[in-house]
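A.B. asks: Those sequence lines, one after another, are chains A and B. Everything in the first sequence is counted per our numbering, starting at 1 for the first residue and increasing by one. Everything in the second sequence is counted per our numbering, starting at 485 for the first residue and increasing by one.
These aren't lab readings, by the way, just hints derived from the structure by calculation. Check each hint, because a few of them may be wrong.
As the list claims (entries may be wrong) - Result set (DSBU-like, lysine-lysine): computed pairs, CA atoms no more than 35 Å apart in a straight line:
| hint | chain 1 | residue 1 | chain 2 | residue 2 |
| --- | --- | --- | --- | --- |
| 1 | A | LYS452 | B | LYS792 |
| 2 | A | LYS367 | A | LYS311 |
| 3 | B | LYS792 | B | LYS859 |
| 4 | A | LYS409 | B | LYS792 |
| 5 | B | LYS490 | B | LYS559 |
| 6 | A | LYS409 | B | LYS646 |
| 7 | B | LYS492 | B | LYS763 |
| 8 | A | LYS216 | A | LYS311 |
| 9 | A | LYS452 | B | LYS678 |
| 10 | B | LYS646 | A | LYS452 |
| 11 | B | LYS710 | B | LYS492 |
| 12 | B | LYS759 | B | LYS710 |
| 13 | A | LYS212 | A | LYS303 |
| 14 | B | LYS490 | B | LYS502 |
| 15 | A | LYS409 | B | LYS678 |
| 16 | A | LYS212 | A | LYS302 |
| 17 | A | LYS452 | A | LYS330 |
| 18 | A | LYS76 | A | LYS311 |
| 19 | B | LYS678 | A | LYS330 |
| 20 | A | LYS409 | A | LYS61 |
| 21 | B | LYS599 | B | LYS509 |
Unchecked claim - Derived contacts from chain A toward chain B, CB cut-off under 10 Å, selection only:
| hint | residue |
| --- | --- |
| 22 | THR346 |
| 23 | GLN376 |
| 24 | MET383 |
| 25 | SER412 |
| 26 | ASN417 |
| 27 | PHE441 |
| 28 | ASP467 |
| 29 | LYS478 |
| 30 | ARG480 |
Each residue gets a CB set at the ideal place from its N, CA and C atoms; glycine is no exception.
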Amino acid sequence: MVGIKSYGAYVPLHRMPRSVFGTIWGGAPMPGEKAVANIDEDSLTMAVEAGLDCLTGIDPKSVDMLIFATTTAPFKERLGASIIAEALDLRQDTRTIDVTNTLRVGTTAVGLAIDAINAGSANNVLVTVGDTRMGAPSGDFERAWGDGAAALLLSKDGVVASIDGDYHITDSFAGVWRSEIDTFTRCWEDRMVLDEGYSRLLPIAMKGLMSKYNIKPDDITKAVWDTAHDVRRHGAMARLVGMDPAKVQDPLFVNIGATGAPQALMMLVAALEEANPGDKILLASYGNGADAYLIQVTDGVKKIGTRRGIKNNLASRRELSNMGTYLRWKNLVTLEAARRPERDPTSHSAVWRDTKVILGLYGAKCKKCGTPQFIQGGGMGGMTPIRVCVICQAKDEFEPYRFVGIPAKVASFTHDNLADSPDPPSTVAVIDWEGGGRGVFDMTDRVPEDCKVGMPVEMTFRKIYFDRARGVQNYFWKVRPPRA
Amino acid sequence: MAESIKDKVAIIGMGCTKFGEIWDKSGDDLIVDAAYEAFEDAGIDPSDIQAGWVGTTGTGGTGQVLSVPLKMQYKPVTRVENACATASDALRNACYAVAAGVYDIVLALGIEKLKDTGFSGLGMGGGPGTGVAPTTTAPGMFAMLATGYFARYGLSPEEGKKMIGTVSVKSHWNGARCPKAHFQREVSLEQVLKAPIIAWPLGLFDCCGVSDGSSAAVVVPASMAKNFRADPVYIKALQICVGPSEGQKRQDYDYCHVEETWQAGLAAYAEAGIKNPRKEISMAEVHDCFSITEAVTMEDLQFSPRGKVYEDIIGSNAGFFTLQRALEGGDALPVQPDGGLKCFGHPIGASGLRMTYEIYKQVQGKAQLPERQMKNPKMGLIHNLGGQPPGCTIAVNIFGL
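All chains, please: the whole structure from these sequences, using the hints.
C.D. replies: Put into structure tokens, the structure is as follows:
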């Protein structure tokens with residue numbers, strides 16, 4: 001039986017109290033806080049983070065297929081999963097797929113993964129799902145929605161939970177949508193959307209699942225269904241499907257917000273963190289129809305070891321209460337351009353040539369003197385792999401050496417106010433990796449006043465710069481103070 | 485063993501424009517001004533020049549940068565680029581050609597017109613790339629030298645900023661007395677410390693200005709020098725050191741010194757036969773692009789013991805690098821007697837020869853304004869730092885009577 005071999009999640013460090021929106025815009029108060037992706041994060045970078053979490057202790061080369069699920073893909077015509085695969089250090093012959101365009105795309109991806117495994121075309125399928133959905137400023141959506149990601153590794157072997165059944169319905173009803181030209185999600189009249197959409201279709205799927213496998217709500221230990229854009233409907237769902245409200249998984253609304261595509265799987269990760277062997281979990285997700293799954297927790301759930309998951313990610317938080325910063329990060333205001341030279345054009349050939357370095361954070365280890373080293377660091381910020389050893393000058397005698405996951409410490413740093421940074425000051429740090437190797441990186445998710453020589457840092461995958469003239473978004477690694 | 489350049493070549497004429505935001509002059513204008521001052525100083529006709537070396541990092545390409553404004557009549561001209569050491573390297577190449585006996589009278593000229601960009605600071609541009617390098621500027625990269633130095637030697641940010649701030653106060657005192665400087669005002673330590681942060685921990689007054697300027701030298705064989713003037717200034721050492729930028733890759737680099745400066749200093753002292761730089765060098769114009777750069781350069785050039793520059797700046801021997809103490813007859817090694825990059829700004833391709841101009845005039849006893857003339861200086865050193873620690877191009881040139 002196919003099941004979940006590992007799980008992971010990502011919640012951005014920054015949390016905005018919803019009261020900030022009330023103070024700025026007025027309107028009805030909404031409790032709690034929402035997770036806000038930093039200016040250098042998007043659905044893809046968060047999917048990488050969740051993927052790394054999921055692959056903790058697992059050989060990335062064992063993954064046969066990677067699915068990236070999102071409704072906020074950074075590209076219209078470019079495979080996000082191919083970038084994630086490089087960042088996660090997957091095999092070249094990994095199958096990579098992006099799936100998109102509905103809020104239940106995370107659970108849809110799980111279904112595709114199960115089918116691929118059952119068909120014998122893959123043994124281990126990694127599903128990553130992330131979203132950074134935008135509610136228009138001043139509206140309820142803006143304050144209700146948060147950013148996040150989840151990842152599941154599906155397999156037949158060594159599962160922490162088996163997926164014993166599934167049921168799916170389709171429905172063209174679109175209560176919320178974004179067209180080709182929309183930045184923000186649109187919505188039809190609230191009650192109609194919820195009555196005829198979420199509150200009608202999701203029960204059909206869940207009842208269909210239970211009927212198909214002859215299961216009653218009482219047989220379920222934990223019920224995981226995602227939330228509509230109005231979280232009150234999440235709680236009301238229990239009555240509609242006859243579920244004991246005590247069994248309903250917390251929708252993470254108060255401390256993360258409605259995240260869209262990753263919502264159901266983030267909630268599932270949170271459920272698995274607390275699950276016991278033998279538990280039965282009902283998983284359901286809504287969006288132009290609905291997906292429902294029956295999950296049986298195994299003994300493995302207690303052996304998987306620590307993940308950042310939801311619990312640790314939630315505990316690792318920093319309050320963001322500055323609306324100006326929020327507007328900047330979400331690109332909602334036009335800011336005065338820095339009076340600095342225009343940035344150099346991004347060259348596809350230069351990026352392609354050094355893909356292993358840029359996306360995989362591969363350096364090299366000298367076979368003669370054994371020293372790990374990062375890049376040549378020649379002119380113009382070149383990311384060219386080292387050819388002549390910096391220590392012993394041996395030429396072309398290196399083996400690949402990946403720096404992701406290796407702890408590091410700051411050797412020196414600055415906060416640069418002059419630099420044309422999207423989020424000044426630009427904090428740049430020289431870092432020394434444990435076991436050898438030094439590099440210079442942007443530092444993100446930091447409090448400038450807390451930066452010190454010797455402070456520990458870890459690598460994090462981020463979007464770097466959008467070259468507007470050429471339509472090129474590039475990605476690279478930064479450092480950050482370690483998340484819990 | 486290769487020979488030393490010492491006393492083989494002499495400078496017989498120099499020119500230097502006023503440095504600053506020279507909105508009403510083009511690069512070509514500045515070249516004409518600097519070159520003709522040098523011709524006049526040397527007492528030669530422009531047509532006497534047999535070859536030229538022009539240093540610029542971005543104000544035009546090819547030797548035509550020089551030949552076009554000067555209307556040189558079909559003479560050989562080479563364009564030299566070596567970052568902030570550009571002008572010093574142009575002079576070095578000119579001197580080598582003269583020492584080789586190929587030419588008798590040559591011109592080395594540095595030029596940079598920076599203030600047509602519309603922004604403050606230097607551009608970092610370099611053409612198409614990956615676009616993923618860390619977002620920083622020259623102040624940011626040099627700030628890491630300050631962060632590293634403060635951490636290693638246990639200076640609190642306040643103590644460290646006071647130390648490097650005093651470097652800037654000293655340079656402004658000198659620049660306030662130099663008619664060709666861009667900034668000619670004294671500043672107080674309080675002003676320096678309260679200035680806005682450009683790149684932590686460097687504030688506004690820890691950073692040199694950005695300006696336009698040109699400077700030039702006429703070079704002849706030492707044997708001919710006295711035919712032109714009674715007080716030619718002789719080349720004692722010309723050294724360039726270009727590093728492999730190891731310090732961003734290997735963990736043993738300390739972000740407290742610039743290895744290339746150390747190496748270039750050793751080579752220059754050996755070439756000039758200098759045993760005790762702190763005693764034998766009368767004055768130095770070093771590359772104070774940032775106050776911290778000057779501070780660590782004092783150690784790298786062996787003017788101060790390693791880790792002890794604090795003492796010579798604000799500690800037990802405070803004021804050792806001031807022109808003021810030298811003018812009062814005290815034991816001092818004035819650094820930036822003209823105000824340095826701090827007050828002249830840094831038109832990249834021109835700075836090395838601007839520094840040389842100050843040494844040349846001081847050694848001749850002809851400093852502009854007699855009140856800033858040092859008493860009988862014998863030997864002056866100039867130092868340029870191109871690039872950013874830890875990947876630098878360094879020039880150390882030494883001149884004397």
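A.B. asks: Which numbered conditions among the earlier hints are violated in the structure presented, ordered from lowest to highest?
C.D. replies: 2, 30
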